[in-house]
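Please model the complete structure; the sequences and the hints are all you need to start from.
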Amino acid sequence: MLLAQVIVGGLLLGAIYALFSAGLTLIWGMMNFINFAHGEFVMLGMYFALLTVLWVHGGPAVFTLAAALLLFLAGVVVYFALVRHVLRGPMLAQILSTFGLALLLRYTAFWIFSANVVSLPQTSLSGVVNLGGIFMPLPHLVAGLAAAALTLALHVLLTRTSIGSRLLAVAEDRRAAMLMGIRPDRMQAIAWGLAAGSAGLAGALMATAYPWSPSVGETFVLTAFVVVTLGGFGSVLGAMLAGLIIGIIQALSAFYLGAIYKDVVVYALFVALLWFRPQGLMGKA
Amino acid sequence: MTNHRVNRRSLLLTGAAAAASLATRVSPSLAADTVTVGVVEPLTGNAAAAGQAAKAALELAVDIINNPHPELGNLTLAAMAGLPNLGGAKLKLIFADHQGNPSLAQQLALRLITQDHVNALFGAYQSSCSFTATAVAERHGIPFMVGESAAANITGRGFKWVFRGTPIASDYARTYMRFVADMKKRGVKIDSIALVNENTDYGTSVADTVQEAAKKENVPVALRIPYSASTTDVSAQVLQLKEKNPDLVIFISYTADSILYIKTLRNLNYLPPMVLGDDSGFSDPSFIPAIADIGQGLMNRSAWAIGKPGSTTYKINEMYKAKTGRDLDDTSGRDMQSFFALADALNRAGSTDPEKIRVALTKTDLKPDQLMMGYEGVRFDQTGQNVLASTYLIQLKGKTYELVWPDNAATAKLDWPMKGWKQ
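As they're listed, the protein sequences go chains A and B. According to the numbering used here, the first sequence is numbered sequentially starting from 1. According to the numbering used here, the second sequence is numbered sequentially starting from 1001.
Just so you know, the hints here were simulated from the structure itself, not pulled from any lab data. Be careful, since some hints might not be right.
Said to hold, decoys possible - Straight-line alpha carbon distances no greater than 25 Å define the calculated SDA-like cross-link-like pairs of lysine to any residue that follow:
#, chain 1, residue 1, chain 2, residue 2
1, B, LYS1399, A, PRO121
2, B, LYS1321, A, PHE110
3, B, LYS1419, A, LEU131
4, B, LYS1321, B, GLY1350
5, B, LYS1323, A, SER114
6, B, LYS1399, A, ASN116
7, B, LYS1215, B, ARG1174
8, B, LYS1321, A, LEU131
9, B, LYS1092, A, LEU2
10, B, LYS1397, A, SER126
11, B, LYS1092, B, LYS1397
12, B, LYS1092, A, SER114
13, B, LYS1397, B, GLY1325
14, B, LYS1242, A, PHE110
15, B, LYS1422, A, LEU2
16, B, LYS1367, B, GLY1082
Said to hold, decoys possible - If we take Cβ atoms under 10 Å as the criterion, some of the chain B residues that face chain A in the derived model are:
#, residue
17, ALA1047
18, ASN1066
19, ASN1074
20, THR1231
21, LEU1239
22, TYR1270
23, PRO1285
24, PRO1289
25, ASN1408
26, THR1411
Beta carbons: idealized from backbone N, C-alpha and C, even for Gly.
As structure tokens, then:
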């Protein structure tokens, strides 16, 4: 029974990781662009959710949608104000631009929200589900379902719709896409909006489970990079799978070996896997 | 951050001021008109909330010292304006943010000494940061007052320039064991305890000390769980506790992880008979609002008690509340108290000469009525540790902590076991 609880806990944690990483892998897949500010997007999503609850008294449906929508807009703004310009620059400028953006967002948040740790007030998402003696916190459960839904939705969007085809076309060859009458700017702005929006959604859901402060992005973003790399660059399904695997490994090693060894186990396996399969679980070589 | 670089204009100004004072003989002595103290605290990063609270508390202490506050009774340096023995010189703080990073704390201490020419240093919350920053002060012969860090190894390295006003791990460990013994005498079943500690200097050294004290008192430690405070999930740790089922769990944790632990206890439906926090996270201003409805009856330690309306401590708390909108917490209170002890020594030294300040610190002898914390006094031994520091135990009732132990200081009844989320 205890083992079952450990594994379920790991899966739910993995779902949170997957949810967190979906937007990161999208930008990576669409634009070969590393967004170091992804953790800060999630952090903003958490604060937007909090403000929605405090000011509008919205329930979970309201604050998750509000955070997703606001971050979608933020993503589009970031694309036009920053990313579009540095795309023409050298690789290093691209990397450092989002790094700078991350610091800007983090310290602006410190300025506005102060460094205090905050939590979302009790919501209808605060309960626990007891399934025959196995406990599942509702926020984690919903986050897991949302991660699965989001992963599926992004997958369908990219592979089954015309907008997805156009997004992929721009990713494949910007110039050729333009010759086909696709406006790359609009497509890439949408990609940024989707990525940031999914980060916002992730943030709003995570806010129901975790206390946080403006530096929360740092805590999760390293795991997110590992999830994305393990899953395969740009593979949304891969990120889902990788998130779950990492969650389970962390839970098992923390329980049987001790909490301080869980990261050693995860990263050792991660490095070992990259040795044999550098493209990740579901990436294309 | 202020830089005291000498340029032509400041040189001219100083010259003019010196000439003016010579000509008119207004200045009573050549004493400095400001005394600067460099403060290294985590103003951003994981422990930023505590760092910012400490900053507000120190600013309040400086306000109390620099301006006349006769309403605060015998509190050190409150009644008069400034430091009387230095011709009423004002205190000035220069803050530096080490972000919880020990090597940054070290660099900042160096910068404050060599570039800002501070007269004394103060800090640094995380024991790991105090550990590195104090070494710099020792090397440069500048007095360093450790405000609140509890790790044993900060003092006791043979340092001459490092002083610490707060009670330390061994004081706390002794208190916890006396508490366990007292509970057993009352017929409470405590067969074993568990220690859950974050794994930097602070958590490790406190847990080591408590474990040692428990061994000496024959209190079995069923389980010890070290973990990293920046963790995102503590389910495995809580399940380990559930498996061993100790009667008392002592958490030596910072803020976000403390909240996460209490929430996870609830999520996994495991309520130990009693949870005792070793201050820090449990005293963070954001802790109670986050867990009040699921953590009823959990305990914490504190040397700070707000006291009755009209008392000095009550007035200090009102001033702090007016400034920050929150009650003063124990950690920031211990900071303020250490700072008052430093200011007292600066005043008695009557000079900004580092050696004179150091000697004054070694001769510190503050009585309980001069203090804002529930210590028996402030007096430093040859390692620089305050030997008269002690602490109370408090319990969460509703949305505030009430002083419940020891009996002679208690203002409320101790409830055992804790209710948690079960009303």
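Comparing the hints with the structure gives:
no., hint, in the structure
1, B:LYS1399 - A:PRO121, "holds (15 Å)"
2, B:LYS1321 - A:PHE110, "holds (21 Å)"
3, B:LYS1419 - A:LEU131, "holds (24 Å)"
4, B:LYS1321 - B:GLY1350, "violated (33 Å)"
5, B:LYS1323 - A:SER114, "holds (15 Å)"
6, B:LYS1399 - A:ASN116, "holds (18 Å)"
7, B:LYS1215 - B:ARG1174, "holds (12 Å)"
8, B:LYS1321 - A:LEU131, "violated (45 Å)"
9, B:LYS1092 - A:LEU2, "violated (57 Å)"
10, B:LYS1397 - A:SER126, "holds (22 Å)"
11, B:LYS1092 - B:LYS1397, "violated (39 Å)"
12, B:LYS1092 - A:SER114, "holds (24 Å)"
13, B:LYS1397 - B:GLY1325, "holds (21 Å)"
14, B:LYS1242 - A:PHE110, "violated (37 Å)"
15, B:LYS1422 - A:LEU2, "holds (23 Å)"
16, B:LYS1367 - B:GLY1082, "holds (21 Å)"
17, ALA1047, "holds (8 Å)"
18, ASN1066, "violated (25 Å)"
19, ASN1074, "violated (33 Å)"
20, THR1231, "holds (7 Å)"
21, LEU1239, "holds (6 Å)"
22, TYR1270, "holds (9 Å)"
23, PRO1285, "holds (6 Å)"
24, PRO1289, "holds (7 Å)"
25, ASN1408, "violated (34 Å)"
26, THR1411, "violated (27 Å)"
In terms of the numbered hints stated before, the structure departs from hints 4, 8, 9, 11, 14, 18, 19, 25 and 26, listed from lowest to highest.
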